[in-house]
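A.B. asks: Residue numbers (my numbering), protein chains in the order written: chain A, 124 to 505; chain B, 41 to 184.
No wet-lab data here; the hints were simulated from the structure.
Model, not experiment: these values are computed from the prediction.
One or more of the hints may lead you astray.
[Stated by the list, open to error] Over 12 angstroms on every C-beta distance to chain A, these chain B residues come out as not near it, computed from the model:
| hint | residue |
| --- | --- |
| 1 | R70 |
| 2 | K71 |
| 3 | K72 |
| 4 | E95 |
| 5 | H96 |
| 6 | N115 |
| 7 | S118 |
| 8 | S130 |
| 9 | K132 |
| 10 | E133 |
| 11 | L176 |
[Stated by the list, open to error] Here are the computed distance ranges between Cβ atoms for each label pair:
| hint | chain 1 | residue 1 | chain 2 | residue 2 | range |
| --- | --- | --- | --- | --- | --- |
| 12 | A | D384 | B | G139 | 30 to 40 angstroms |
| 13 | A | G432 | B | S157 | 45 to 55 angstroms |
| 14 | A | D384 | B | D69 | 24 to 34 angstroms |
| 15 | B | G139 | A | N415 | 26 to 36 angstroms |
[To be verified] Residues from chain B shown here face chain A by an in silico Cβ test under 7 angstroms; the list is partial:
| hint | residue |
| --- | --- |
| 16 | P75 |
| 17 | L78 |
| 18 | S79 |
| 19 | L80 |
| 20 | G84 |
| 21 | S85 |
| 22 | M86 |
| 23 | E113 |
| 24 | K147 |
| 25 | N164 |
| 26 | F177 |
Using N, Cα and C, we set each Cβ at its ideal position, and we do this for glycine too.
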Amino acid sequence: MVGVVRGLRTVHQPTPRPRAYGDGSTDNTDPRTFVTILMFDRNFVFQDVAYQQLTSSGVMNATYTAKQPGYAYIYVSNEEGTLRDVYIDDVTITQTQSPVVQSEDFYPFGLSFNSYSRENSLVNKYQYNGKELQNDLSLGVYDYGARMYDPTIARWTTIDPIASKYASYSPYNYVLNNPVKLTDSDGRIVRDRDGNVVFSAVETVKVTHPSGSSAVMVRGYIYANDGTKIEAYQKVSGGKGWDTDCHGQTFADGQYWINNDQVRKILKGDKYAKVEQGKEKNGDAVIYTDTNGEVEDSKTVSKTNTDEGTCVYGQGGLQEENTEEQMEKAWCRPDGNTNKEIYRKTQSDVKVSCEQADKMTKQTVQDFLKAAEAAGVKITYK
Amino acid sequence: MKIYGYLLAILAISCNDCLCQINIGAKFDRKKNLPEELSLVSAGSMKKVYVILSEHIKYKILLDSSNVISYIETNDESFETSEGIKVKMSLKELQRTVGKAKIVDEKGWSKYVRLSSGWCAAFNYEDSFNENSKVLFLFKRNNL
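Only chain A is shown next, with the shape it has when bound in the complex (with noise of 0.2 angstroms):
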């Protein structure tokens, strides 16, 4: 007989003899009669066996333990060399369910493979990123709620509604191609790993320079680590100088202009921390401000005890704008009133397991507690 564990299929494949008996012996007495599971996997490739032979209480019972989803062959039979009548009645065949009723691998684009669904249990939909898989018609597409995602060719089935956004890219791109780095809430709005918004676009207005020039933009959003909504602009055309200004150079990589408003901000939701005038490093932030202590320009610090003493790099706009001044001169308005304030990203929480601990010396405490304020770590003591 054929037992199926999971399928429908005849199986037709040679079929390994137990070469002793059931318990291992070669002088054992009883019927050579067995019970035989042979397992498969879903590709009908033979995987394991299990078998139990007849003994003198008159029961065979063989039990296996499937380590993975495929197909088990289970038959008796009677291998004794000479003729001998074994009768068999009352075979059962009992099945067990594993505790997991799906499981699902998927690739960084969201096609799944190894898909596992335990046979008569409710399939669950909400799969690659907890969006609801439409079957229907054999699509496989995700619906995102703005869009549908096709996981096969990584591609949405429409264009993005705010395509406009991310111009350089096609508008049926998913997540700008980095699926590693970046997710879509609803197909139209790309997150990164932590859930920020990386740029959520609001309207597209066009801004005009006093001298007559203008640019048009999309006016958004970007995230601090926060949560806080930092208001930013990103260019759809005009001159290059529309690019970014001296704070989407300082705080955003040069990806958007933010205006001076914002700066505070952004400090607060970063985590940043004042730092005193004399113990910059590189790579902290300088926001100069008017006497109100409004923000007027931000810099970052490239060099430090040079000659020159320290120097900071940045602008927006132009490149040729782009300049390496020195702190003190980076900003000077005509009555040489030049306020300024030096911030650092403060670090993650550094943890230190128990097993960690034991092994410091006090000397490589003393060390580490020295690195971590160098670096501006907070440490806290539990």
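Fit chain B to the supplied structure of chain A, relying on the hints for placement.
C.D. replies: Structure of chain B alone, referenced to chain A:
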């Protein structure tokens, strides 16, 4: 007489003319439907400004939350500062009028000369700057 009155009223509405004093710190009585646009009012600040006509000169003004004027700009060729500085005047002509003046470089926005009247004569930041560079616009800010 009544007809003249109506005509005057229509004229006043159509030209958006503002007879109030346009100056930094002055309270501005903002009418509804005043034309507005987004303007780069400093190197790192895009703000919504209102376009107004005052004595036939076009200005753009920035208002704070109390409707007080905090920034004014104009590139209207009819406008002339009390020193006699106008748009399209060269740096050479400007210096002849007001003397040698310090040039402030607000990178990414403009190079400008601060005038005694409180106005600043601004040149474009992109152009190579020399004595033939032209004044492109004039502006006033509350913190200059």
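A.B. asks: Please name the hints from earlier in the document that this structure breaks, with their numbers sorted from lowest to highest.
C.D. replies: 6, 11, 13, 16
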